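Enquirer: Spelled out, the chains give:
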Amino acid sequence: MTTSSTHCLIRLHQEHHSLEDYQGGVPRWCSGCGDNAILAAVQRLCRDEELRPEKTMFVSGIGCSSRLPHYMKTYGFHGIHGRAFPVAEGVKMARPDLHVFVNTGDGDCCSIGAAHWIHAIRYNMNMTVMLHDNHVYGLTKKQASPTSPIGLKSNTTPRGSELEALNPLSVTLGVQNVSFVAQAVDWVPEVMYDIMSAAFRHRGFSFVRVIQRCPEFLPKMFEPWLHDPQKTLLLTHPDGLQLSAGLTKTYKNQQEHDPSNIDRAREIASLDDPIPVGILYRNPKVPCYEDLRHPAQMRTPEFIRAGFEKELDKVTVWPDEDLQTQRAA
Amino acid sequence: MDMATKFQEQFVFHLTGKRHSEELEPIDAVNLRPALLAGFRDLTRLRYDFPVVLVEGGAEGGPVQSLSSVVDNLLKQVAPRGIEGERLRKHVLKLEREIRALVAQGETGPLSGLWSLATAKFASEADETPGKVLAHTGAALEVDGEVLDCTRDMPALLLRHLWQAAQAQKARKFHAEGGALAVKLSDILRAAFVRSDAGRRAESLKASVGGPHQDIFDFTAMSKLLRKAAQDDDLPVARRKRIEWALAVLRSQQFFAPPEAARSSPTTGHHAFCFDDCASAVAAFRKRLTESVELVKAISIAELEADGRYDEAKHDPLFAEFDSSSLGPADMVAFPDYLVCIAAGRTDAPENAMLMEVLSSGLPIKVLVQTEEVLEASSVGDGQIVFGVRGAQLASTALGLDNVFVLQSSSSNLYQFRERIQSGVGYNGPALFSVFSGSAAPASLLPPYLAAAAAMQARAFPAFSCDPAAGSDWASRFSIDDNPHAGEDWPVDHFAYSDEELQRVSEQLAFTIVDFAATDRRHARYFARVPRSHWNANMVTVEQWLSLGEMEREGKVPYVLAVDENDVLQRLVVDARLMQAARRCREMWHRLQELGGIHNSHAERLLAREKIAWEERKQSEFANLKAEATSAAAATTAVPAASAVSPAASAAASAEAAPAERPSEEAYIETIRCSSCNECTQINDRMFAYDANQQAYIADLGAGSYRELVEAAENCQLSIIHPGKPHNPDEPDLEELIKRAEPFA
Chain A
1 MTTSSTHCLI RLHQEHHSLE DYQGGVPRWC SGCGDNAILA AVQRLCRDEE LRPEKTMFVS
61 GIGCSSRLPH YMKTYGFHGI HGRAFPVAEG VKMARPDLHV FVNTGDGDCC SIGAAHWIHA
121 IRYNMNMTVM LHDNHVYGLT KKQASPTSPI GLKSNTTPRG SELEALNPLS VTLGVQNVSF
181 VAQAVDWVPE VMYDIMSAAF RHRGFSFVRV IQRCPEFLPK MFEPWLHDPQ KTLLLTHPDG
241 LQLSAGLTKT YKNQQEHDPS NIDRAREIAS LDDPIPVGIL YRNPKVPCYE DLRHPAQMRT
301 PEFIRAGFEK ELDKVTVWPD EDLQTQRAA
Chain B
1 MDMATKFQEQ FVFHLTGKRH SEELEPIDAV NLRPALLAGF RDLTRLRYDF PVVLVEGGAE
61 GGPVQSLSSV VDNLLKQVAP RGIEGERLRK HVLKLEREIR ALVAQGETGP LSGLWSLATA
121 KFASEADETP GKVLAHTGAA LEVDGEVLDC TRDMPALLLR HLWQAAQAQK ARKFHAEGGA
181 LAVKLSDILR AAFVRSDAGR RAESLKASVG GPHQDIFDFT AMSKLLRKAA QDDDLPVARR
241 KRIEWALAVL RSQQFFAPPE AARSSPTTGH HAFCFDDCAS AVAAFRKRLT ESVELVKAIS
301 IAELEADGRY DEAKHDPLFA EFDSSSLGPA DMVAFPDYLV CIAAGRTDAP ENAMLMEVLS
361 SGLPIKVLVQ TEEVLEASSV GDGQIVFGVR GAQLASTALG LDNVFVLQSS SSNLYQFRER
421 IQSGVGYNGP ALFSVFSGSA APASLLPPYL AAAAAMQARA FPAFSCDPAA GSDWASRFSI
481 DDNPHAGEDW PVDHFAYSDE ELQRVSEQLA FTIVDFAATD RRHARYFARV PRSHWNANMV
541 TVEQWLSLGE MEREGKVPYV LAVDENDVLQ RLVVDARLMQ AARRCREMWH RLQELGGIHN
601 SHAERLLARE KIAWEERKQS EFANLKAEAT SAAAATTAVP AASAVSPAAS AAASAEAAPA
661 ERPSEEAYIE TIRCSSCNEC TQINDRMFAY DANQQAYIAD LGAGSYRELV EAAENCQLSI
721 IHPGKPHNPD EPDLEELIKR AEPFA
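Those protein sequences? They're chains A and B, same order as listed.
Residues in the first sequence are numbered consecutively from 1, following my numbering.
Residues in the second sequence are numbered consecutively from 1, following my numbering.
If we strip away everything but chain B, and leave its shape as in the complex, we get (with noise of 0.2 Å):
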């Protein structure tokens, strides 16, 4: 077969799909994956984010932290700088893999018990030292809690625990102020008590007093004396009945477990929180509701009794009226917020249009959604796949909500993204986490840490966060900066190997949304392996096939480097439909790209067109330039004759331009510097006076006569009193008062 005739079938199978030929070989039974993941076989030799721990209490380093930062934090504090530690950092590093090795065997459980686990298996070799030693180095552990790996299962265990630290924090805040409430509370009533009739019987005397004196007092004597002096019980009917209303509602609210059980299970109230769907959480918000009105209500009287700020004239209408209407959505901060976990597979369309409402609402809810696929296969037509659809574009449409904190991103991301998950958890309002888990494993050729992180390299997932409470613009708000080489198509990474001359070779290849479908069994009916002796020049990458034009693509078959388990290179040519499918993930990933400002097309725009408008102006200032020196080199032959005329007119402009000095004639006070001394005012009261700010000025010139305004003005230490011309000529001494005044005209 000649070479053309071996291109015709690779085109053929790109046009069609179909292989008609036996030189192209399918690749469902082999094992490949892409070329630039051909380094990472063994995950548990590396020192990643995962597995995680999900640390218990409030430790130093935050609520989640990984495996290798608490190995590191670990080392630092147990295994001296230098060639003296050395040992013992190798013996825990082992350990550390060892773990890693635990978990991804399905191993669960603290931090602590898998230590134990893994030391266990180090005492049980020959020398038993390291194993003693690790043993006594896992009890400097500062923290512990669950260790889990980047499994399905991580996204909802990981989010549930920074909801329950928030929540943690919620009911803290709440038993703090709350409780100090119903203790000022109780204080009123007790108070009252002990003032009443009923508070100086002799038996409430009696209770009062310490049990071993009891008997050696006379309290029937202490009740006649005191209750001869006893006021009536001062406290009203409306207003007990009000205290002890709203210290039952205080006492009685079902939304936070008391201290002592929150101690144990910090976020466990008597309701539950917790839901697998939002219907049922909407649910459970509704019927709360009026317990909700309530609390709120009781809490706000409880602020106003404690206080002393209760008006009834004034606040009785207003909680007459109070109802779910009153509250808005700042009222439901203090509350616990609503967790849904949606698990992958169960977005269905109603299920999506009731998460849309509750986003919208800005109930106070946390939503996460898991996404297993990101190419489907189309319900259109046989054979077509789709990009982007159902669960994948949940984060992309709720980002056209308002004031919703939206967190988009693979597993593989989330301990990068936890201050931010924090964030959401915390925020003041709904906020959705669109999570994509990898494929499941039957399917997916990689774990699921590397699927999931696939997903993202190759924008199939992009990651993305818009926060609400980072500001009030798109910029502030919205970031891609977590993709890498955010500013390209795809990213690009170095990839070297050995040609059949055993030459190294190196490249800069594309990690690609094709690269990532190669890693999925379902997928594979899309590519076809060419043999190394059918490669030619019209097999171009599939980043360079997607940089053609249409034209230009015309002859060309794009093609993915791969490796199979034998780390030999493979060439895969890929099946139009997932290129379109390519094509339009690269669309979505400009979208994205341009909502987080970068090649903006409107920045882009406007940038030129005010180039060209700079480039314009400047021009035209060079031109006048030019004509102005042309004119200036004439003018230096005739004398100017209104050169010796123009500093006066210049002069009478600018003595027309001076602001308006305030009339001499008039007195004035400059108000805005007197230091309120008094000095003007024990002159005369009703001609000085104090303004709103306890700064003087002249309230009535003709309260007081000229000697008056002009003593004052010498009184004054900070000379701000100017007299003026004096308004009655009659008044005696004038000349001497007008000279007096002069020094403050």
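Excised from the complex, chain A in its bound form (with noise of 0.2 Å):
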């Protein structure tokens, strides 16, 4: 409930929180991991957004990426292979007012959790989720990934991958409800950040694929786009992203998209040389699942104890028979 002046007020007692205060231990990720760029990202939005730890949830599933709630001092939960939407969602229905973050990798959102992922674009409950896309399942010592571009030699595949990688942005952009979609560099942090403040910002199920390095398995992988800033394609617009002077001097490559325009959304996320980086949609009219579910009905006790009774009457075995009949009338 807002009451204006009165909440000016006792805002002014509000704790104003550091980096350090969602700095929860030292990062196990190899040195030069792109994991390192996304964690100090998400540390960076939560000081700037004034998030108070205690109602913030970072959930994850399993592998390099999902050590990140580790790394955090709020609330987390490392979960199991490819259920962190699950999870998410879960806490999200039940505690609405928490903000939810899930940070989940290519193999764990695009290879088991494949199916969870469909759906979790289709509820569009309110979360940022961030895709960390090495190309590669780093925690198990280099083996293909759904996102492994054709040909890469790894443990699972010593001849070369077979298959033609799957495209992360398209399969999303692709599935009813979608509501926010965007590419992030971790060698471009500054535009990283403010990826992720607009997703944060957006209500409902914001979806962000992070391109990331893997120095231990694929340390050339990126090299090239490294080192030719021509080779990213930053995604401006009013209504996307504005970029600072000092960005538009090494970045030149830029294109101006609007992220309301699905088509042109879907025909960007199909580039892949060069990258590009942006805001690729975002449709804010979208209804949230947990709004569509919002009870009518307030949860009291009596209502919560009410509902227990009625189940639980289901399959009680009374010991007076007259007893429940009498209370079934």
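Hints were generated in silico from the structure; no laboratory data involved.
Be aware that a few hints might be false.
[Unchecked claim] What the simulated footprint calls covered on chain B by chain A, stretch by stretch (three residues with Cβ under 8 Å from a Cβ of chain A suffice, anywhere in the stretch; the number is not a length):
hint, stretch
1, 183–190
2, 665–677
[Claimed, not checked] With a Cα cut of at most 25 Å, we get these calculated SDA-like pairs of lysine to any residue:
hint, chain 1, residue 1, chain 2, residue 2
3, B, K206, A, R305
4, B, K173, A, V286
5, A, K249, B, F744
6, A, K55, B, A306
7, A, K220, B, T671
8, B, K314, A, V286
9, A, K142, B, Q717
10, A, K285, B, G61
It should be emphasised that the depicted structure is a prediction, and the values quoted were computed from it without experimental measurement.
Virtual Cβ for every residue (Gly too), placed ideally from N, Cα, C.
Could you use the hints to bring the two separately framed chains together as a complex?
Expert: Set out below in structure tokens:
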């Protein structure tokens, strides 16, 4: 409930957090890993949005990326492989007041968790999703993932992978109820932060694919893009990203893209060189599942108790039949 | 009598209002109406905005719908397109006309009732089939509610209906949010109780288990077990007291009825919010101020407690001093708005003064002021007429107040303004609705709808709105667009009639305030009917007369065209005093036009000034170009010695203009591009450090060697570390290191 000037007075006494308040420990990722950049951006976002740690929740599956909740001094749930989305949906449904973030990897999301991913998009629950996409299973020492490029030699594909890589952006943009899709790269941290900020502010399922480096197993994978700014295409728009002067000077390859245009977004999503970076699609009008399912009835203790009684009555063995009849009456 | 004498009599009447001849007839006893209104005798035969249905519940199509739109929507559902549904369409449209006639005769009630009444009339006729069909069709009606014609009572009923819808929404919001807060506070108290010693006593445990199992369980033993591990009540006394107080205030508030009662009557809380005058509304507001303060305080405390953010050291002093002075207008947004409906004739000076004070205070109050008089006899002198005073000027005056929603309209236009009225009712601040509902029946020659519509058409009561929520500037807030032909002095319409030889004559007629005055018997003294034989070239229409200069008006008499009961065309010459009121009306309309951005004098002056400046600039540029062309032609004969030098000079100039690059001697990091990958900090975390955004910079160059700097540059995948030149000339292997640093310069 909003009470303007009273709120202003109360806000004066609100606690302000520093970056350290969100730093949960020393990351165990390899040095040079793109996960570090994502962690830094997320911690910065929490600080700038003044998110209360006790009201913030990071949910993950399994993989290098999914260690992120350990490094956040907020609530976290390091779940099971591929099941980050169902856990996050449950959290959001039970506690809509929490800020829910999901950190998942290309294996966790696009392989074992693909079914949950598709339906999570469709449900459009209000959460910010970061797909840490390094194109490889790193935690298990280099196996091909669904987003590995064709020909990648790994422990599971010693003669090179034979399938074309799955494009997470195209998949997401093809699902009904999609409401926010963006792509970031870990080597342009300023833009990654801006994208995450926009994703957080979007009400709905905000899907951000972050293309990141794995210096241990694919050290040369993104070298051409790291050393040639022209190979990174920045998408700008008054309703999307607006770049700083410094960044514009370095990254001259820019294109204006209206995030409300889904057809163009699908075209851009299919590009892989140059890598498009920015907000591809945003539709704030898609309803959120938690709003559609919001119970009209207040969940008072009496209401909850009545619900329990009704359900338990179905399986209760009554000591006295008369009592049962009496109760049913 | 010759024509000159006849005109002289007309001119004398125009100047003095006295008839010196029987030839000029009074119009008191004759039922005349303006010529442009000749076609609107029987309104029940027309499909127009009225009657309206005040729709109950949140139906699609809005809370106010016209009978015609309700019938159209029904026909879309029940009558198939094409010839198949034609018969049903005819019956339903006939029934619609019947309902319109019933309402015009004073019948009231919900739409379903009137539908049944009209259907019964059809059923009583020889053929019973249409009656049955219509009764069956009526069952498909998706909306129901009170049906209102454009009467004197309609504006208040319509506004109240929309206000009730807005208040019901506020009540729902309060119950949803306030109820959730109450549940959270109760949960805190209950959880504390369950953990407390009292909560673990045998009787408490027994009460918490379902009845059938109470006798088969040893609660005393269970209590003993649990009490061993029982903690003390961890809810401090002050916190418990605070939570209980907030809970009690939330539960006992008198502003919104409990949800069960609100469903049956959504706006009737324990307090009343509808009043007939501003003084009563203000008195009620003052009386409830303490309660309002308590409720705002309780909500704030409840929010903090439910969120676990209440800090006694910080918040106790804040709430200890919390009183009515802490409440701002925005705090009152969550409370029900006060509605004041001031009936026509009650807008005396004290009431008006109180109204302006209330509006300027920013209180959450919505006021409807009804007006029935636009032209009034002046109290200054006998026979003088004044325009736009008392109630009629309130809306214009309120425009001068800051952040007040203002809407002025005739009652005939309220249906068209329904969305704007909703905006006004939902506006987070005071709102004034000034409505002209037509003169009382014995005086007016027209039905109320037509009288009100005529006032708006004639600029006597123009429609305008000012919505502060629409934007910060006047152009966004203010609109006069709903007036017909808003860019003109008067709306002009096509008028066709047959002359004495039954030939069709057609002309464009303006509808002025003088035409409007002719619809009111009380103003009959300002008109005199001129027999057709006395019509002459010196008679000019009111619009023409007003557009003439003072000198040109000499020898001209203004007239309006009217028709009698037999639709015979008449000319009525007009008294100069009424013409003076017409001039004033036009001037007031001009002022409104300026506010609405039409013929704005400031903008027009600026435009003229800019146009002159633009022309002068262009002329000067043209002259310069001409001069340059002449000198270039002269220069072709000579070889410019300086031309060989100029590229070098310009290169030097551009080199000077180029921004100074960062000196490559000094080591630096492009911090903005750092991806926080830890490579450099792992080499030397005193030399390299992270800033507030977790991006690397060189914290202390002296904390490490040039070798570490070069290695960090080599390890950085983004190549954003630039080692520069070594600071220590004695460092070993410098030559090799400098060579390795070259790619990162």
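Enquirer: Evaluate each hint against the coordinates.
Expert: Tested hints:
Check on the stretch 183–190 of chain B: 4 of its residues sit with their Cβ under 8 Å from a Cβ of chain A, so the three-residue criterion for coverage holds. Restraint check on the stretch 665–677 of chain B versus chain A: 6 residues with Cβ-Cβ distances below 8 Å, three needed, restraint holds. The straight-line distance between the Cα atoms of K206 of chain B and R305 of chain A is roughly 16 Å, inside the 25 Å bound, and the hint therefore holds. At roughly 22 Å between alpha-carbon atoms, K173 of chain B and V286 of chain A fall within 25 Å of each other, so this suggested pair holds.
Between K249 of chain A and F744 of chain B the alpha-carbon distance is near 19 Å, which keeps this suggested pair within the 25 Å criterion. For the proposed pair K55 of chain A and A306 of chain B, the alpha carbon gap of about 13 Å is at most 25 Å, so the pair holds. At most 25 Å may separate the alpha-carbon atoms for a hinted pair to count; K220 of chain A and T671 of chain B meet this at roughly 23 Å. For a cut-off of 25 Å, the pair hint linking K314 of chain B to V286 of chain A is broken: about 41 Å separates their Cα positions.
With a C-alpha separation of about 20 Å, the suggested pairing of K142 of chain A with Q717 of chain B holds against the 25 Å cut-off. With a CA separation close to 21 Å, the supplied pair K285 of chain A and G61 of chain B stays within the 25 Å bound.
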